[in-house]
Amino acid sequence: MLQKAKTENPKTVITIRDVQKSFGDYDVLKGADLDLYEGENLVVLGRSGTGKSVLIKIISGLLTQDYGSVNVLGSEVATLSTKELTELRLRIGFSFQNSALYDSMTVRENLEFPLIRNKKNLGRREINNAVETVLDAVGLLQTINQMPSELSGGQRKRIGIARTLILQPEIMLYDEPTAGLDPITCIEINNLINEVQERFKTSSIIITHDLTCAKAVGNRIAMLLDGQFQRVGTFEEVFATDDDRVTPFYDYNFIQ
Amino acid sequence: MKFFREAVTPPYEGKEILRQCYQVGYKSLALISLTGFITGIVFTKQSRPSLAEFGATSWLPSLVGIAMLRTLAPLLTSLISAGKVGSSIGAELGSMKVTEQIDAMEVSATNPFSYLVVTRVLATSITIPILTFYTALVALLGGYLNVTMAESTSFSAFVQSFLESITFLDITASTVKAIVFGFTIGMVGCYQGYNSSKGTEGVGKAANSAVVVGMFLVFIEEVIATQITFLFRT
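The listed protein sequences derive, respectively, from chains A and B.
By this note's numbering, the letter at position 61 of the first sequence is numbered 61, and the numbering carries on one by one without gaps.
By this note's numbering, the letter at position 173 of the second sequence is numbered 173, and the numbering carries on one by one without gaps.
If you are wondering where the hints come from, they were derived from the structure by calculation, not from laboratory data.
Each residue gets a CB set at the ideal place from its N, CA and C atoms; glycine is no exception.
Heads up, a few of these hints could be off.
[Claimed, not checked] If you want a taste of the chain B side facing chain A, the calculated C-beta under 8 Å gives, among others:
id, residue
1, Q101
2, A104
3, T110
With these hints in hand, go ahead and build the complete structure from the sequences.
Right, dumping it as structure tokens:
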């Protein structure tokens, strides 16, 4: 299926071509093709174990594909040297499913950590300002001196997003941002994803099972079926089908 | 090899190394003090009758000092550290691995190996030799306490007797041995934690393996080190 862009001549920031990845005998990705355009929110939908998280780990260089090409911001990820990959990672934000906050550090230290290591020219005052700005952006300035264990699931997700935003990435990768959260918090996270897109001008890939989230944040939806993106388009286009691999998603989320 | 390459490659994590040194020392200090002191007392008490048979109780300070410095202090310190510090490193890194904190470090353009592994291995390699000499000193105090219960000896005479019996080789061998033990404990703890998997079960296994493998390797190294030192001595 043809992929539709948000605007007439969009710039591609991520290009994925014929990506294949196996774990032992289990073929997860079987020739996945996808484009992420500048400034858009692209939602990746699919059943558990279909390789959605594997895909964004390949994009960020945490995993390497067995075959195919992943080009991020003009760089072929698999061929980059360690130094080049580090430089590329400064331009990509990764929000983990379980937030992955450093549990031995306070919220402030969590946010300072990537900044101190990657922006060595910044003074203490500038670091404090940056931390407070992103915490304010996610609405959690009051938690600055708390430990991750003292935060709720939704707060941890927000702090995780704030930690990625502090390096001002051009691309955001969200792994199941609303998993395990109550409906109200889900709405708050969806709003935050949209705010991040608008305020920080990021291009994002959002991995989710949650169709409410997909509808709320996605400019386009890409459905991963049998290791390939077989349906890509707007929400309405993707679900305008009687394909029994697709319809259960819609039925479960909106009819049940 | 990766460890040595990363250890000499900037950025250097001086502050984190100091924090880890404090952690390693602080975690083991109380137990090491108690164990060293009791070992000193017990060793002196057990040795006294044998030496008394030959009228050689004046050799007690030398005997305690040499035994502690050459073997018991490095071994005791390392075994306690393998239990306290090795397990802690294994569990901490294992937990960070399964909760994706190590991946999070990596994607935020920070080298997790340098920040987590190099700092901890350097900290154990620096701190365990210091703790070893501390253990020897505390054991000597325990020994002195036991000696003074049976006869009147001044502390300076006791220490003087000990100092006369030890050689430069004893001190060097103990230091090198303690550095190797420290390196082993740190490396095994980090390896087990960094490569753990299968969720919380993996964290438990990492902590357990860090202790078991760490202690086993320390014993093997002790045997090899004793053989090498013996060659130098003869």
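Handout entry: In rising order, the numbers of the hints this structure does not comply with
Key = none
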